[in-house]
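**Student:** As you go down the protein sequences, you meet chains A and B in turn.
Using full-length UniProt numbering, read the first sequence as starting at 1 and increasing by one per residue.
Using full-length UniProt numbering, read the second sequence as starting at 1 and increasing by one per residue.
Among these hints, one or two may not hold up.
[Unchecked claim] Ranges between beta-carbon positions, derived for each pair:
1. B:Ala147 / A:Gln164: 20 to 26 Å
2. A:Gln208 / B:Thr213: 54 to 60 Å
3. A:Glu414 / B:Leu219: 31 to 37 Å
4. B:His223 / A:Gly415: 51 to 57 Å
[Claimed, not checked] In silico DSSO-like pairs for lysine-lysine, Cα to Cα no more than 27 Å straight-line:
5. B:Lys221 / A:Lys282
6. A:Lys224 / B:Lys121
7. A:Lys282 / B:Lys288
8. B:Lys221 / A:Lys332
9. A:Lys204 / B:Lys114
10. A:Lys324 / A:Lys299
11. A:Lys204 / B:Lys288
12. A:Lys168 / B:Lys109
13. B:Lys109 / A:Lys204
14. B:Lys132 / A:Lys224
15. A:Lys204 / B:Lys121
16. B:Lys114 / A:Lys168
The hints are simulated quantities; they were obtained by calculation from the structure and are not laboratory data.
We treat Cβ as the ideally placed atom computed from N, Cα and C, and that holds for glycine.
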Amino acid sequence: PARARPAPDTLRRARFDRPQASLDFWRLLYALLKQIHGGRWTESDAIDNQIGFVKSALWYHGYDRPELYQLPADGSAGSRELLLAFSWLLHRLGLLERLLARNRVKTGDETSVCTCEDDLPDIQKGTTETMPECGLEDRVDVRYLQWLNGRLRFQWQSLHAQHQEQCKLLHKIHLFTSGSHVDQVLGHFSVTETDLVRQPENYKQLLQLLESETMQLEAFLEWKQLEAVYWQWMETVLDNMAEEGNMCKSQNTHVEKRRLPKLTSYCHWADNLTGQIDRLSKDLMTLQDRLHNLVAHRKAAWCEKVKAREEELQKEGFPTTARKIQESVELKLLDLTRLCAPKENKMHGLCRLVLRSKHPASKAGFGQCVSKEPVSAVSATEVIRELRMREASLQRELEQLREECRHRLDAVAEGLDGVICISP
Amino acid sequence: PRTSGKSSSKGVASKQGGSQRTATGSATEVCAPAEPQKTLGLSKSAPNEQQSFSGGHSAGGKNSIAAGQELFDAGKKSCGFLGESSKKEDTAGASGKSPSPGTGTLQEKGCQLKLPLPYRKAYSRNSRAWEKCHLCHTSADAAAARARFMERIQTTVSFPSRLWAHPAEIEEELRVLQDVPSRLRQYVEAETADPPTLQGEYESLLTLEGLQTTVAECLQKLHLLRADCTGDVGSCSPACVPARGQTCDTAGVLALPLLCYSSFQELRDLFALKLQVSMLHQEIALQKVLMAELLPVLELSPCPEGSARLFRAIHTQLCQRGRSFPVLVRDELGD
Chain A
1 PARARPAPDT LRRARFDRPQ ASLDFWRLLY ALLKQIHGGR WTESDAIDNQ IGFVKSALWY
61 HGYDRPELYQ LPADGSAGSR ELLLAFSWLL HRLGLLERLL ARNRVKTGDE TSVCTCEDDL
121 PDIQKGTTET MPECGLEDRV DVRYLQWLNG RLRFQWQSLH AQHQEQCKLL HKIHLFTSGS
181 HVDQVLGHFS VTETDLVRQP ENYKQLLQLL ESETMQLEAF LEWKQLEAVY WQWMETVLDN
241 MAEEGNMCKS QNTHVEKRRL PKLTSYCHWA DNLTGQIDRL SKDLMTLQDR LHNLVAHRKA
301 AWCEKVKARE EELQKEGFPT TARKIQESVE LKLLDLTRLC APKENKMHGL CRLVLRSKHP
361 ASKAGFGQCV SKEPVSAVSA TEVIRELRMR EASLQRELEQ LREECRHRLD AVAEGLDGVI
421 CISP
Chain B
1 PRTSGKSSSK GVASKQGGSQ RTATGSATEV CAPAEPQKTL GLSKSAPNEQ QSFSGGHSAG
61 GKNSIAAGQE LFDAGKKSCG FLGESSKKED TAGASGKSPS PGTGTLQEKG CQLKLPLPYR
121 KAYSRNSRAW EKCHLCHTSA DAAAARARFM ERIQTTVSFP SRLWAHPAEI EEELRVLQDV
181 PSRLRQYVEA ETADPPTLQG EYESLLTLEG LQTTVAECLQ KLHLLRADCT GDVGSCSPAC
241 VPARGQTCDT AGVLALPLLC YSSFQELRDL FALKLQVSML HQEIALQKVL MAELLPVLEL
301 SPCPEGSARL FRAIHTQLCQ RGRSFPVLVR DELGD
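Full structure from sequences and hints, please.
**Tutor:** Set out below in structure tokens:
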């Protein structure tokens, strides 16, 4: 966006902490961070909203300089702090790479593979404002809710049907155009490319976008060559600050105290997360209890058996078999421990759908290509497996919530006089 | 074969020439509600609906639209193109006479199609540029300078360095742990059957003990994360915490990964499951909101006359997905 693009001079001005550069920098950071966080930014957003957003985003990513959070909300000062933050983000988030990837021109049939929660709007905040008080006049009929729910369900079903239809068509196109693509790794056309063959005159814009993206990529390559200069320059900025800092050391003590703003302010994020953590813990604790019982039971049985046949087992060479069994169990559980560690290659974002037969004889193999560097490829089988697990755990979570409702409503039912409730 | 005039002869919109961008925009809305009845016959009835899939739909302009929508649009667009071919294969004898000679079906000619030259050039240049970017690495000087800068900026922070994880990390760890319980459960289920042999028993026992350790570790990790959460409250600005940013490996980000499926069934399963997961997310969110709004109504206010019905409605909605009803019986002795 043109508005967010700062002049090269802005950076220089920021180095000297010129206030004029502050606003530009705030806007730049806002535009960049909004893209990363998946939002659609409105340029009409008031500057203090933009600033608030940038501050939260920086906090979210763990940026620790208190001076930044204390910058005024009208954007009138602090360009040097912003310059620092910008450079920090550049490296910490891989800003350039991320933005390039995010804005990639789509020529293929793409879909996402991650199981993360979609960007659901913050429902909780909304309801307390929009839901009317339970005054007699403003009542919402619960049957309206039921109706809405039914409609929602119906729409999900139609969406499902449409997706399935789409799959059928995608599959056909992929199958029928196999072997036609310039790019061997892909092998077949996407829907866009197939249409491109039919009506190339409609895709002039696509070509332009491809060209301009290529130019951006080349600019990126240039940047990579000159990167050292930038970081060295940033060091001089820090040098400047250090010199000045020695002069106003006394002010820093105040800064420390003021660092922690209102702890009383309700933190929605933390609440949400602790809720999730609690649910997971509860889940695990039930599992733990179950395991505890199971293990105790089994262990007792095992010890008895072993005691009875101790000599016999020694003769059979059981200890060696036992060791082998231990090793194999360790191997089996290794898989599990790897699951609990954060995955480095966890993929978010889009992938291009490619039809590839599982023939071991095929030259492409899986993710390898003869002519080029191996392209990272994920198999649908894997993704499906993960999705199934995710589905199972979400189902369980939903069931837990329903269970809770049942309990609470049972309690209410006791209070209803003259009525007995029999749940189905 | 690139046919501009011919392909329109099958009843595809005669509005080929003019760009119907606005029309397609609304056409997709029009299509959607009408779909449910026609989904089965979609490919067959495509010729009738082809005017809504007029060709003036440049994918280029759609880059900002969510991928799902674009895929859907593109898929709909191709209905027309394929409608002809699928119609032909659905009727017996796929190689029968084609009403419009020269176009052929996608099935027949698909593998001989060639992308137009300008696109091919642009595409190759583009993909080569991507590859170069993917492979290029930071020079040693730059990396060193950068590391120095980052370190210095950390030390300028005027309070003790963070002892705890920052929000993005916390969320990431939590995300990882989401699936662990169900995976663990699977393992436990596998061990519940009584093993026949002595070795089997031993193996089962060891496995269960190993699982116990893992569960304990996970609980510990969760405990720590929780502490981190509450520790971070101090500096958060509650007004606008950003939607979950996606932290992924920056190096790998420049290569567009491929999602390879090997059969039609796989593709369908993939889409179905994605939708299912998405639906469950929504259902959970809805459930929480409804609980927060509806339960207090029953729990707090006194019980006026119609409350039994209200109770039943709420019970249905919250506990049975709106599918079945509890039975309410009057507790009266017959006269």
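**Student:** Check whether the Cα positions of Lys224 of chain A and Lys121 of chain B lie no farther apart than 27 Å.
**Tutor:** Status holds; Cα separation ~25 Å.
**Student:** Quick one, are Lys282 of chain A and Lys288 of chain B close enough, alpha carbons at most 27 Å?
**Tutor:** Given pair Lys282 of chain A, Lys288 of chain B holds - Cα atoms ~17 Å apart, limit 27 Å.
**Student:** Decide if the proposed pair is consistent with the structure: Lys324 of chain A and Lys299 of chain A, CA atoms, cutoff 27 Å inclusive.
**Tutor:** holds, 19 Å
**Student:** Between Lys204 of chain A and Lys114 of chain B, does the CA-CA distance stay at or below 27 Å?
**Tutor:** holds, 17 Å
**Student:** Starting from the hint 20 to 26 Å, judge whether the C-beta atoms of Ala147 of chain B and Gln164 of chain A obey it.
**Tutor:** violated, 51 Å
**Student:** Regarding the pair Lys168 of chain A and Lys109 of chain B, is the alpha-carbon distance no greater than 27 Å?
**Tutor:** holds, 19 Å
**Student:** Within 31 to 37 Å: is that where the Cβ-Cβ distance between Glu414 of chain A and Leu219 of chain B falls?
**Tutor:** 35 Å Cβ-Cβ, so the 31 to 37 Å window holds.
**Student:** Does Lys168 of chain A sit within 27 Å of Lys114 of chain B, going by the straight-line distance between their CA atoms?
**Tutor:** Roughly 23 Å between the alpha carbons, so the hint for Lys114 of chain B and Lys168 of chain A holds.
**Student:** Take the C-alpha atoms of Lys109 of chain B and Lys204 of chain A, compute the straight-line distance between them, and say whether it is at most 27 Å.
**Tutor:** Between Lys109 of chain B and Lys204 of chain A the Cα gap is close to 24 Å, so the pair holds against 27 Å.
**Student:** Starting from Lys221 of chain B, check that the Cα of Lys332 of chain A is at most 27 Å away, please.
**Tutor:** holds, 22 Å
**Student:** Would you check the hint for Lys221 of chain B and Lys282 of chain A, treating anything up to 27 Å between C-alpha atoms as holding?
**Tutor:** The hint holds at about 14 Å.
**Student:** For His223 of chain B and Gly415 of chain A, compare the CB-CB distance with the range 51 to 57 Å and indicate the outcome.
**Tutor:** With a Cβ separation near 37 Å, His223 of chain B and Gly415 of chain A fall outside 51 to 57 Å, so the hint is violated.
Consistency note: the structure conflicts with the earlier hints numbered 1, 4 and 11.
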